[in-house]
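Note that the protein sequences, when read in sequence, are chains A and B.
All you need for the numbering used here is the position in the first sequence, starting with 1, plus 359.
All you need for the numbering used here is the position in the second sequence, starting with 1, plus 359.
No lab work stands behind these hints: they were computed from the structure.
A couple of the hints might just be wrong.
The list treats identical chains as one, so a pair stands whether inside a single copy or across any two.
Computed list of lysine-lysine pairs in DSSO-like fashion (alpha-carbon distance at most 30 Å, straight line) [claimed, not checked]:
1) Lys559 to Lys415
2) Lys415 to Lys365
3) Lys376 to Lys525
4) Lys441 to Lys376
5) Lys376 to Lys365
6) Lys365 to Lys458
Protein chains: 2
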Amino acid sequence: MSLIPKALQNVVDALSKLPGVGPRSAERFAYFLLRSDPRLTTTLATSLGDLHAGVKHCPYTFALISANEDTSSLYANPERDKTIVAVVADPFDVIAIEKTGQFSGTYHVLGGLLSPIDGIQVEDLHMNELVERVARDHVIELIIATNASVEGEATSLYLQQLFTDKNVNLTRLARGLSVGVDLEFADHISLSRALEGRQKI
Amino acid sequence: MSLIPKALQNVVDALSKLPGVGPRSAERFAYFLLRSDPRLTTTLATSLGDLHAGVKHCPYTFALISANEDTSSLYANPERDKTIVAVVADPFDVIAIEKTGQFSGTYHVLGGLLSPIDGIQVEDLHMNELVERVARDHVIELIIATNASVEGEATSLYLQQLFTDKNVNLTRLARGLSVGVDLEFADHISLSRALEGRQKI
Numbered sequence: 360m361s362l363i364p365k366a367l368q369n370v371v372d373a374l375s376k377l378p379g380v381g382p383r384s385a386e387r388f389a390y391f392l393l394r395s396d397p398r399l400t401t402t403l404a405t406s407l408g409d410l411h412a413g414v415k416h417c418p419y420t421f422a423l424i425s426a427n428e429d430t431s432s433l434y435a436n437p438e439r440d441k442t443i444v445a446v447v448a449d450p451f452d453v454i455a456i457e458k459t460g461q462f463s464g465t466y467h468v469l470g471g472l473l474s475p476i477d478g479i480q481v482e483d484l485h486m487n488e489l490v491e492r493v494a495r496d497h498v499i500e501l502i503i504a505t506n507a508s509v510e511g512e513a514t515s516l517y518l519q520q521l522f523t524d525k526n527v528n529l530t531r532l533a534r535g536l537s538v539g540v541d542l543e544f545a546d547h548i549s550l551s552r553a554l555e556g557r558q559k560i
Numbered sequence: 360m361s362l363i364p365k366a367l368q369n370v371v372d373a374l375s376k377l378p379g380v381g382p383r384s385a386e387r388f389a390y391f392l393l394r395s396d397p398r399l400t401t402t403l404a405t406s407l408g409d410l411h412a413g414v415k416h417c418p419y420t421f422a423l424i425s426a427n428e429d430t431s432s433l434y435a436n437p438e439r440d441k442t443i444v445a446v447v448a449d450p451f452d453v454i455a456i457e458k459t460g461q462f463s464g465t466y467h468v469l470g471g472l473l474s475p476i477d478g479i480q481v482e483d484l485h486m487n488e489l490v491e492r493v494a495r496d497h498v499i500e501l502i503i504a505t506n507a508s509v510e511g512e513a514t515s516l517y518l519q520q521l522f523t524d525k526n527v528n529l530t531r532l533a534r535g536l537s538v539g540v541d542l543e544f545a546d547h548i549s550l551s552r553a554l555e556g557r558q559k560i
């Protein structure tokens with residue numbers, strides 16, 4: 360005898376597959392949808408149904424684009440500098456950098472970070488396409504904008520080796536204290552990076 | 360110029376409506392679905408599409424049942440004691456109590472807890488139906504099994520008033536120390552409840 364109706368259990372099971380969502384959260388989500396206006400559930404179901412068909416990757420930058428676009432509109436924009444490329448792991452990293460309003464170059468989305476433990480290797484990332492693009496667009500600077508994590512550092516190191524003999528400047532995002540962080544509470548790695556990278560004022 | 364394809368943004372917007380899911384989590388969920396096997400997204404979309412049509416409330420206990428059932432199978436089970444009723448807030452509370460394997464009575468789901476601040480009042484809960492059921496099923500004990508929260512206590516108090524002149528025993532779940540809790544770290548309210556409710560050994 361099941362205590363949960365099949366239709367509800369199916370939603371709970373499907374939602375539990377989302378990253379970081381356990382059975383309890385999935386139950387809470389499903390029950391919330393059940394109690395809310397059915398249009399909310401319909402909107403979610405419809406948008407999910409259109410997801411895979413409506414999104415593809417830009418063949419040059421690997422940013423996510425609509426299925427009816429040819430290339431990323433940012434890459435196609437003549438005002439963006441194609442000779443400066445920020446290399447990021449995921450499409451949403453592009454949005455984070457765009458929010459700063461400080462960057463007028465273009466992006467290259469690797470599609471992840473090197474992580475042998477998760478089975479993500481060089482051939483799973485858009486590394487070869489980056490090499491081709493550097494040559495084709497006469498890129499003069501690659502800004503390695505990966506996470507400050509073990510995987511981010513590993514990917515950064517690999518990129519350094521990959522472009523060591525190529526005629527391109529490699530830079531990476533500064534490490535240091537985040538804005539608003541109390542020195543007292545900063546982790547010691549960030550603090551030592553902040554010391555290493557101290558700047559003349 | 361939008362940086363996120365419309366089809367992806369729609370999913371992010373819809374997922375952000377779930378309780379406790381902010382735009383960042385919604386982006387993470389959507390991007391996870393996009394990178395996963397499309398069948399996962401299809402399964403989720405299909406199950407959501409079937410949710411509202413596949414679930415209804417039992418007309419007696421207000422537990423959730425499949426659309427093709429007439430009453431809760433637990434309520435219809437002749438082995439369950441209809442004269443002992445546990446009053447709970449939400450359908451998932453039924454599952455929590457069933458997991459103990461200690462209860463052979465039936466349930467009444469109020470559909471929430473009294474919470475003037477959230478605009479949840481007596482008429483929003485299945486209180487009248489509980490009064491009818493107590494009379495119809497000759498209920499001898501109502502176990503108030505609400506959360507140990509302000510709303511749970513308020514609902515419990517209201518039920519006490521509601522049944523004060525009726526010929527039914529009201530009990531409620533014991534308050535005290537949770538299993539495995541160190542006395543030292545128990546909150547003082549739980550500890551004072553545990554003292555009040557101390558039991559002869």
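Evaluation of the provided hints:
Taking the shortest Cα distances, Lys559 and Lys415 never come within 30 Å of each other, neither inside one copy (45 Å) nor across copies (68 Å). Taking the shortest Cα distances, Lys415 and Lys365 sit within 30 Å of each other only across copies (11 Å), while inside one copy they are farther apart (34 Å). Taking CA atoms no more than 30 Å apart as the test, Lys376 paired with Lys525 passes in neither setting, with 43 Å inside one copy and 48 Å between copies. Proximity of Lys441 to Lys376 under the C-alpha cut-off of 30 Å is found in neither arrangement, the shortest distances being 39 Å within a copy and 37 Å between copies.
In this assembly of identical chains, Lys376 and Lys365 lie within 30 Å of each other by CA distance both inside one copy and across copies; the values are 17 Å within and 23 Å between. For a Cα distance limit of 30 Å, the shortest separation of Lys365 from Lys458 across copies, 18 Å, qualifies, whereas the shortest one inside one copy, 43 Å, does not.
Going through the hint list in order, the structure does not satisfy hints 1, 3 and 4.
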